[in-house]
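Residue numbers (my numbering): 1 to 60.
The hints are simulated quantities; they were obtained by calculation from the structure and are not laboratory data.
Hints are not guaranteed to be accurate.
[Said to hold, decoys possible] Label-pair restraints from in silico Cβ distances:
id	residue 1	residue 2	range
1	R35	T5	13 to 23 Å
2	G47	P27	17 to 27 Å
3	I3	L29	10 to 20 Å
4	L15	A44	29 to 39 Å
5	A44	P13	10 to 20 Å
6	G52	S25	16 to 26 Å
7	G52	P13	10 to 20 Å
8	I50	M1	24 to 34 Å
Ideal Cβ placement from N, Cα and C applies to all residues, glycine included.
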Amino acid sequence: MEIRTARPAELSPDLLAAWSAIQQSEPTLDSPFFRPEFAFEMDAVCGNVIVGILEENGAP
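Take the sequences, apply the hints, and build the full model.
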C-alpha cells in the first residue's frame with residue numbers, strides 16, 4: 001500500500017471519481033464533510049488543506 005498526500009487542486013479526475021465512489025459505497029461516510037467538494041471549499045477558505053491518498057497496486 002502506498003500513502004501520499006496532495007492538495008485538493010492536485011487530485012486527478014480519476015482520483016476524484018474514486019473518492020466519490022468509495023463514499024457512495026460506504027454508508028458510514030455519508031456526510032458532506034467527507035465529500036471532495038468540501039475539501040475544495042475549505043482549501044479555498046483556509047488555503048492549507050491536504051488530503052491523504054491510499055493506493056494499492058496503483059488503484060485508490
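Hint check:
As the Cβ distance of R35 to T5 is approximately 18 Å, the hint placing it in 13 to 23 Å holds. About 32 Å separates the C-beta atoms of G47 and P27, a value inconsistent with the hinted range of 17 to 27 Å. At roughly 18 Å, the beta-carbon separation of I3 and L29 lies within the given 10 to 20 Å, and the hint holds. Between L15 and A44 the CB atoms are about 19 Å apart, so this pair departs from the stated range of 29 to 39 Å.
Between A44 and P13 the beta carbon distance is about 19 Å. The supplied range of 10 to 20 Å therefore holds. For G52 and S25, the Cβ-Cβ distance of about 18 Å falls inside the hinted range of 16 to 26 Å, so the restraint holds. At roughly 18 Å, the beta carbons of G52 and P13 sit within the given window of 10 to 20 Å. For the pair I50 and M1, the supplied restraint of 24 to 34 Å is violated, since their beta-carbon distance comes to about 18 Å.
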